[in-house]
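Participant: As a plain string of letters, each chain reads:
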Amino acid sequence: MGIVQILFWFLTALALLGALMVVLSKNPVFSVLWLIAVFFAISGHYILLNAQFLAIVNMIVYAGAIMVLFLFVIMLMNLNKETEPQKNIWMRIFGALGGISLLGMFVSLVLQATEMKGKTALLKTGDIGLIGNLGKELFSNFVVPFEISSVLFLSAMVGAVVIGKK
Amino acid sequence: MPIQYYLYLALTLFSIGVIGVLTRRNAIIIFMCIELMLNATNLLLVAFSKMHHGMSYLADKTSTVGTDGQLFVFFIMVVAAAEVSVGLAIIVMMYRNTHSVDVNFLNRLKN
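For the protein sequence lines, the chains are A and B, in the order given.
Under the numbering used here, the first residue of the first sequence carries the number 28, and numbering increases by one thereafter.
Under the numbering used here, the first residue of the second sequence carries the number 26, and numbering increases by one thereafter.
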């Protein structure tokens, strides 16, 4: 087992543990911290897949900006005590059963898929994930969606300010 | 690394996100589980992009097949950032009106 395999299984275990702890934590602040761990594990997977631009953007945008926004909102609301007053055990049981059966359906689909047999994801090589290639593609073929996304950001910013001002 | 491993990882993360949305009541945690599902999708898109690239990489070292998948991930991140800013503003407004973020108190949209 090489270093790549060890890193892959370590990052996979970290991502799954973090995702479980996001759902199971009672305290919302711990959920946020575990979700940051999940995002770092997914960034590690991107680095293993040599998608370096996405790894850095994932760390800056998700783990940096979005999760800090979540933390600020939780601390603004003073929710860092254990809050979920109403507990309905049947809703939890059926929710978990629904999710697990969804996972079972996904797994059986992957097991049946013959076109996935023997396919591997290229690790450590291939330079499509580097910023040069992505930038060239983004500003030639994807320039219209890129500009539209700037309008989306502007409208989201205006919307957040208008909603928050009331 | 076989593509099935990435599929199982991403699908498990997605299902954990679905379980979180269905079982938790706190609106902020439901929102975080949605982010988790988006990230599972992103991971799967990057893995498929590298799988697609790996097949043409052997024939041609300079091919850029599979770039589209990674750009889709970039756009998903853009949309997720916009969604989070508006969604958290809505949650803050909700908290100001009802002094709670429990989604069960909000099942009627009036009041």
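For the record, the hints were derived by calculation from the structure and aren't laboratory data.
One should not assume that every hint holds.
[To be verified] Calculated lysine-lysine pairs in the DSSO-like style (CA-CA distance at most 30 angstroms, straight line):
#1 K193(A) <-> K86(B)
#2 K146(A) <-> K163(A)
#3 K163(A) <-> K151(A)
#4 K86(B) <-> K53(A)
#5 K86(B) <-> K163(A)
#6 K144(A) <-> K86(B)
[What the hints assert, rightly or not] Label pairs and their calculated CB-CB ranges:
#7 I158(A) <-> L83(B): 41 to 49 angstroms
#8 T123(B) <-> E174(A): 34 to 42 angstroms
#9 L131(B) <-> T152(A): 30 to 38 angstroms
#10 M80(B) <-> F57(A): 37 to 45 angstroms
#11 G159(A) <-> F130(B): 25 to 33 angstroms
#12 S88(B) <-> V56(A): 25 to 33 angstroms
#13 V104(B) <-> K53(A): 53 to 61 angstroms
#14 L138(A) <-> F130(B): 37 to 45 angstroms
#15 F130(B) <-> I120(A): 16 to 24 angstroms
Values in this document were obtained by computation on a predicted structure and should not be read as measured data.
The C-beta atom is built at its ideal place from N, Cα and C for all residues, glycine as well.
Participant: All hints, please: hold or fail.
Facilitator: Here's how the hints hold up against the structure:
no. : hint                                    : in the structure
1   : K193(A) <-> K86(B)                      : 56 angstroms, violated
2   : K146(A) <-> K163(A)                     : 28 angstroms, holds
3   : K163(A) <-> K151(A)                     : 21 angstroms, holds
4   : K86(B) <-> K53(A)                       : 50 angstroms, violated
5   : K86(B) <-> K163(A)                      : 18 angstroms, holds
6   : K144(A) <-> K86(B)                      : 24 angstroms, holds
7   : I158(A) <-> L83(B): 41 to 49 angstroms  : 24 angstroms, violated
8   : T123(B) <-> E174(A): 34 to 42 angstroms : 39 angstroms, holds
9   : L131(B) <-> T152(A): 30 to 38 angstroms : 50 angstroms, violated
10  : M80(B) <-> F57(A): 37 to 45 angstroms   : 42 angstroms, holds
11  : G159(A) <-> F130(B): 25 to 33 angstroms : 51 angstroms, violated
12  : S88(B) <-> V56(A): 25 to 33 angstroms   : 46 angstroms, violated
13  : V104(B) <-> K53(A): 53 to 61 angstroms  : 30 angstroms, violated
14  : L138(A) <-> F130(B): 37 to 45 angstroms : 42 angstroms, holds
15  : F130(B) <-> I120(A): 16 to 24 angstroms : 22 angstroms, holds
Hints 1, 4, 7, 9, 11, 12, 13 from the list above are not met by this structure, while the remaining hints are.
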